[in-house]
Each structure stands twice: as structure tokens, then as C-alpha cells.
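Please model the entire structure based on the sequences and the hints provided.
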Amino acid sequence: MKERLLDLLNGKNITIISHDVYDVDSIMSGILLSNLLKFLNIDNQFVILQKIKEDDTFTMTKELFDISLYVFFDIEDKYRNLFLVDCYETKHLGNVIACIDHHPTATKIEYPYYYCKRSCSTSYLIYELMQEFGYEISIEEAKMIIFSMMTDTVAFRSDKTVKSEIIVAKNLAEKYNIDYSSLEKYSLCITDINNMSLEEIVHYGIKEYLFNGKRVKSSYVQVWDLPNRKEIKVWLDTIGNLVEKENLAMWVFIIYDLKCNDTYEYHIEKDSTYKYILTINRILSRGTNIMPRIEKIFGNI
2 MKERLLDLLN
12 GKNITIISHD
22 VYDVDSIMSG
32 ILLSNLLKFL
42 NIDNQFVILQ
52 KIKEDDTFTM
62 TKELFDISLY
72 VFFDIEDKYR
82 NLFLVDCYET
92 KHLGNVIACI
102 DHHPTATKIE
112 YPYYYCKRSC
122 STSYLIYELM
132 QEFGYEISIE
142 EAKMIIFSMM
152 TDTVAFRSDK
162 TVKSEIIVAK
172 NLAEKYNIDY
182 SSLEKYSLCI
192 TDINNMSLEE
202 IVHYGIKEYL
212 FNGKRVKSSY
222 VQVWDLPNRK
232 EIKVWLDTIG
242 NLVEKENLAM
252 WVFIIYDLKC
262 NDTYEYHIEK
272 DSTYKYILTI
282 NRILSRGTNI
292 MPRIEKIFGN
302 I
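If you're matching positions, the sequence shown starts at 2 in the working numbering and goes up one per residue.
Source of the hints: derived by calculation from the structure; they are not laboratory data.
Derived EDC-like pairs: lysine to aspartate or glutamate, alpha-carbon spacing no greater than 16 Å straight-line:
1) LYS109 - GLU296
2) LYS52 - ASP75
3) LYS260 - ASP226
4) LYS144 - ASP67
5) LYS144 - GLU166
6) LYS54 - GLU200
7) LYS186 - GLU64
8) LYS39 - GLU137
9) LYS109 - GLU90
10) LYS92 - GLU77
11) LYS234 - GLU200
12) LYS246 - GLU270
13) LYS144 - GLU175
This is the structure in C-alpha cells:
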């Protein structure tokens, strides 16, 4: 695997990008991969091609790693050699040479290099690459890997969690003397709905998908105890209006109640009606459990 990757990247300038609505894992993955490629003497840069928002991801990256996301911002969207991390498709200009993602998909991927398997995070897959290339990670990089794994699995509560990888995370924390329990608490990322506008709430963690030509959006909030029904209805009605306005086939809105470890899933369609699914005592992964199921629904249309 490493020989094929080196053959593809050698002599090229590589631009690393992730999905447009960046999160902790996509940011950490971009930074870690950039560090690895520099170690391999491959010219590269990790860039963010959308407006930087001083949101939870921005704050956590600054507080834990003293990194400002503004240093990665690039407004110039030109044709480049692209390495995708934490996503398998992009709307940006360029030739996709390679891709690393931890969300297996039914979509056929034909990039020259494609590494995808179920994992707690894309950062963990890059850690595997680092090991293969003999790259010795730093304390800061170990912390990035562990924190990415935690934030993408709701502190290892999500169904996305690969249990064997928890052992790796704990071993890394012990080896590098990292405060594991402190990172675990910080990674729960409770959505601050009391200090957010209605628009911010319904768009939190927004992602867009294209299933069989049908546009689908998804967002979520993570709460400690479920809000009242009246408040949730306002959220759903607002999303219903957006579905109609944006001509979407569906909007999948998810509420994670971390107090009870329950997943509330709403499928809002064009007529503003919605399907409601409650999964008790399980935090379902959007990428592993929920959206693959939605993809199958639209694949059968």
C-alpha cells in the first residue's frame, strides 16, 4: 500500500482538503497527513476552502492545540492535485489522486489510491499510515489522534466505535502521558442550543449528500437531556420550510441525548411531514448507521 501511494505522490505538489463543513476529525486528519507527507519529502499543503467560522471546532482546535484555522484558509479554488481526507467526494476543482475516509459507502470509488474502512476516525487511519512509513508521532500528534477518535464517536459511545481502537487510544495516552479522562469529557461536545439562533441549531453539523440524483441534507445536535416537544417542533417546522425552499428530497435531523444515550432521528420531506425513529440506549453514527440506510432508500427509488 505505501509503495503505491509513494509512486502516485512523488514529484507532485499535493493539496489536502476535507469536506466543506469541517469538523475536528477532518481538521486533525488534514494536519496529520500534511505532517506525514512532509516527512516523506512530498510538497503539500492542507487548506480549508470555505469561510472560517469561530465555532466549536475552531474553539477546540485553538484551546487544545493552539492552532488557528485561519492559517489554513485559502480562497483560491484552482485546479490542483487533491488528496481527500474524511470524505470521498468534492465539488472543488482538481484531480483527485488519493482519498482516505472512514465511512464505507455503496458508491463506487475509482481514485488511483483509496483507503477506506470502518474506524473511529480518519485520523486513526492516518496513524496507521504513519506506522507503516515508520513515522514516530509526537505528543501533540498523539493527542490529535486520540481527540479525533473521541469527538467522532461521542467519547466512544457511538455505534461507530471500533472497540479494538479504544485500546490503542488508551495505550497512546499512557505512552505519551496524556490526560485521557480530561480529553474524554471535553470531547462530548454538547451543543450550546441555549446560546444559538434557530438557524444555527438546525444547521449544526450540516452535511449534504447526493443519492441517486436526489439532494439530501443532514444536521444534528448533541444535548444533555431532551428539549421539550414544543421546541423540537419549531426546529422540525423550520427544517420543513427549508426542504421546500431548497428543493431537497429529505433532511435528516438527529438529536443525540447523551444523558440517556438515546438517538432521535427525523426524516423531513418536501410536504413537511416527517418520519420519527427512536433508538434507545444507543448513539447511532450518522456516517456508519444512519446515512447508509438513507442512501439505500434513495438507491431503490
